[in-house]
Amino acid sequence: MWIGGFLIVGVAAHATIFMVRDYGLTTRYNDLLDHVLRYRDAIISHLNWACIFLSFHSFGLYIHNDTMSVLGRPQDMFSNTAIRLQPVFAQWIQNTHVLPLGAMVPGATASTSLTLGVLNVSIQWTSIVEERAGGVTCYLLGGIATTWAFFLARIIAVSEIFMLKTPIQAVIYLGLIKEQELAF
156 MWIGGFLIVG
166 VAAHATIFMV
176 RDYGLTTRYN
186 DLLDHVLRYR
196 DAIISHLNWA
206 CIFLSFHSFG
216 LYIHNDTMSV
226 LGRPQDMFSN
236 TAIRLQPVFA
246 QWIQNTHVLP
256 LGAMVPGATA
266 STSLTLGVLN
276 VSIQWTSIVE
286 ERAGGVTCYL
296 LGGIATTWAF
306 FLARIIAVSE
316 IFMLKTPIQA
326 VIYLGLIKEQ
336 ELAF
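Quick note: the sequence shown uses my numbering, first residue 156, plus one each step.
Hints listed in this document are in silico derivations from the structure and should not be mistaken for laboratory results. Where hints are given, some of them may not hold.
Claimed, not checked - Here are the computed distance ranges between Cβ atoms for each label pair: (1) L307 with H212: 13 to 23 Å; (2) H190 with A167: 10 to 20 Å; (3) N185 with I218: 43 to 53 Å; (4) I207 with G165: 18 to 28 Å.
Predicted, not measured: the structure shown is a model, and the values here were computed from it. Heads up, the beta-carbon is just placed ideally off N, CA and C, and yes, glycines get one too.
Generate coordinates for the entire structure from the input sequences, incorporating the hints supplied.
The following block contains the structure:
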């Protein structure tokens, strides 16, 4: 997840530099980037749907594991000792850390340095295993954020499909509020 995040930020930064410095509207008319820029709202709404799909399914795995834990059925949980759900590509990338740590991160073997990943694992175990309120809070916030992302994706998609000028027109079109209720 962290590696993918760094790669996405790097790609976005380089694409932004290209568009600011080298992209010209007159010289690059009707090429791939021009199409992407013209249909960016539809592309963003589809990417939003993909993120919602992935977040619902990962959230479902958390709920499943918590439910099986509460019911006292650890053999039915997704883990290394029961139902195996192995992130093959993530493990392949993480195995690069088998190299000597000092070769990859200078100064990481010093006594004051945290080993890579120790902090992340301790935060996860603290919030989910030892302190149930922390885990539940993360689940609730994730559910609220996912719900709002769902609503925003629908509003953007409807406003694009029906060529409405503002998102509030899309909200009215979806029937979420009536036009008479808007008092500006």
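Going through the hints against the structure:
1. L307 with H212: 13 to 23 Å: 19 Å, holds
2. H190 with A167: 10 to 20 Å: Given a distance of about 18 Å, which is inside 10 to 20 Å, the answer is holds.
3. N185 with I218: 43 to 53 Å: 47 Å, holds
4. I207 with G165: 18 to 28 Å: Given about 24 Å between the Cβ atoms, the range holds.
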